[in-house]
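Given next are the chains, with one letter for each unit.
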Amino acid sequence: MTPKNIDHAKIRVLVVDDESSIRTSLTAYLEDYDFDVSEASSAEEALKLMEYIHYHVGIIDLRLPGMSGDALILIAHHRCPQMRFILHTGSSNYHLAEELKQIGIRSEHLFLKPVADLFDLIESVETLVNSTEELT
Amino acid sequence: MTQKDEKNSLTGEVETLRLRIAELEHSETSHRRSGDAIKAIVSGLSAGFGADFFKSLALQFAKILNADYTLIGQVSDQEGKMVRTLALTEGGRIVENTSYALAGTPCDQVLGKGICIYKSDTARLFPQDLLLTQMGVEGYVGVPLFDNQDNPVGIMIAMYKTKLLDAEFAASILQIFASRAAAEIEREKTETEMRKMRSLLSNIVNSMPSMLIGVDPQGKVTQWNHEVEKKSGITADNACGRQLEEVFPQMARKMKQVDQAIRTKSALKNEKIPIQQNGNRWLADITVYPLISNGIEGAVIRVDDVTEQVRLEEMMIQSEKMMSVGGLAAGMAHEINNPLAGILQNAQVMRNRLKSGLARNRNAALECGTTFETIEAYVKNRGIMEMLETMIDSGKRAARIVQNMLSFSRKSESRFIPCRLAELLDETIELASNDYDLKKKYDFRRIQLQREYAPDTPAVPCDGTKIQQVFLNILKNGAQAMAENDLRQEPPRFILRVSPEPCIEDPEAQCVKMQCVRVEIEDNGPGMDEAVRKRIFEPFFTTKETGIGTGLGLSVSYFIINKNHKGTLSVDSVPGRGTRFVIILPLHHGNNAGERT
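Residue numbers (our numbering), protein chains in the order written: chain A, 44 to 179; chain B, 1060 to 1656.
The set of hints was computed from the structure by calculation and includes no laboratory data. Check the hints yourself; a few may be wrong.
[Stated by the list, open to error] Far from chain A by the CB rule (all over 12 Å, computed), these chain B residues:
1) T1157
2) T1294
3) A1491
[Claimed, not checked] Below, in silico cross-link-like pairs of lysine-lysine (DSBU-like), each with a Cα-Cα straight-line distance of 35 Å or less:
4) B:K1315 / B:K1289
5) B:K1622 / A:K144
6) A:K144 / B:K1455
7) B:K1279 / B:K1248
8) B:K1140 / B:K1248
9) B:K1593 / B:K1331
10) B:K1455 / A:K53
11) A:K53 / B:K1172
12) B:K1535 / B:K1331
[What the hints assert, rightly or not] Covered stretches of chain A (in silico footprint by chain B; criterion: 3 or more residues with CB under 8 Å from a CB of chain B, positions within the stretch not fixed):
13) 82-93
14) 110-119
Every residue, glycine too, gets a C-beta built ideally from N, C-alpha and C.
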């Protein structure tokens, strides 16, 4: 199945970032491409949302107030192993933590801010969803 | 008085008178004899000093005193128990000097004591002195020699194989010359001492690692040590006595200071003075010390070649500066990334929302009572799309700069693979020749390449792509510099050198010697002056017009070499002749060198 054939409206994406200009613009961008998008400004808020909604993909900032993005991903994965993640960080010297590698996150899922072309993110979301569909 | 009586008394008086006259005559004769003898000795004495003087004195004694042996000796040990002859004659001829112990010899009674006379049987009187017997000495006259502090310094002896008839005469003649001989012994001692001191001094002066030049108040050279000989190629013999500015023209400007130092009796120091000499340029610390001991006027000029020291110092300062700037830049870059993402993302969303193709855009337009076509026409009419594109491009450029700045603080990664730097350099040149952006500005293939690759250069563990980035930065920089230099006759050319470097001193590891490889990239462009050279690696320092370069290429290179690879990147330049970048990369990083920081 090529990514273009996926119905974006059926894909639920959770954007977690404490910087509102980044969070809202990313949400707007994804919505313009018809994704079903929720946003959270902290890991704690994200976990609350996840109690009610099952998300396919999370786009997670790593430096968050309170719980870190790394920790959030580990908990989310524990609760919902089908969920996939994209890491979105401003720290260019970030090295993928070993625990994250173990749950299948690889360097191609790491996006450094600023992302010059947001369409790359959409492609990445599509690829991730594809892979889950193949798995399930 | 009867005649007889008179005659008797006369006879008696005559006799007395005769005796008296005889006595007088004898005395007069002996006086005359002494006088003649002294005259003879003095006229026969050599005008020389030291050994010459003693030899001629001993010979004159032998001749005038008719002695079979004469000897002038000097105390040769601390305790005064040994004598070394200064001159020795036998049968009126000089024989080889010797040393002997005083104990058991008649000389023992002379040294430090007084005149000794043995008219006969000397050898028999001193049975321990076998030499006396061997020589068949009968008569002996000895006088002691004292210095002007009355310390015994030696003896003078005349010896005879026959009985001594006129011992007093011999003794008095010896005595007359005793003070002269003692003075000569003293003078010789002083001279030896002086010679020793002088040789010690010149030894010290010559073993100094500094160049030392002594001058008199008129600026004539009085001292010229080995270091100066080495550096100037002029020997001390040639330099001494000539004017300083004549033998060391670079010092001409320093003569005022020499005068001043002598006048004010205080040292004057000049640091890092550039000196041009035989086509070489070096840096000197010059100190002028006035000579302040009484009686001697002049100054000593000390010149130290501090070129290497200054270079190392500069590198240390450079490195410290760069590291702090790097840390600052990286910290800042971090904080800039987030707002930059805000700008770029929002701009991208806006661009998307003003572009046709998205159903949501059409719906929103209709909801607002217009068509998307109208909005699109408006956007086109007002040039909004171009503005958004410009915004996004500017944002991307800022992001690239930040990305470069972040590399300043990036830790070295242990993905080092042994690479042949010569091959890497050739690949980079290939890359540069085909680079479209580069070709637009300057045709890389017009540049001559002169390769000087040492065949035995080992491979260096490094991050090949990073090192290529450095090469490319330097080559681009050079190509650009040479393109600006179109007026010159010489065609543009790079000299590329790769060779093993025996070692560098690692400032961090405190003089641990390491094997290294050295890469040089030399252009014949316009070069640069000191001020530019010192700042060339600083981030955002650029001599290019704004917009051409970000001013980060060489700083990024600096961090790649100095921080990531623990090597050194440095630059030499002569304005008008060209610029040479030198990269030194270590072959070994130690077990933990990469992990540190």
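Query raised in the report: Which numbered hints are broken by the structure, listed smallest first?
Result: The structure breaks hints 11, 13 and 14; every other hint is satisfied.
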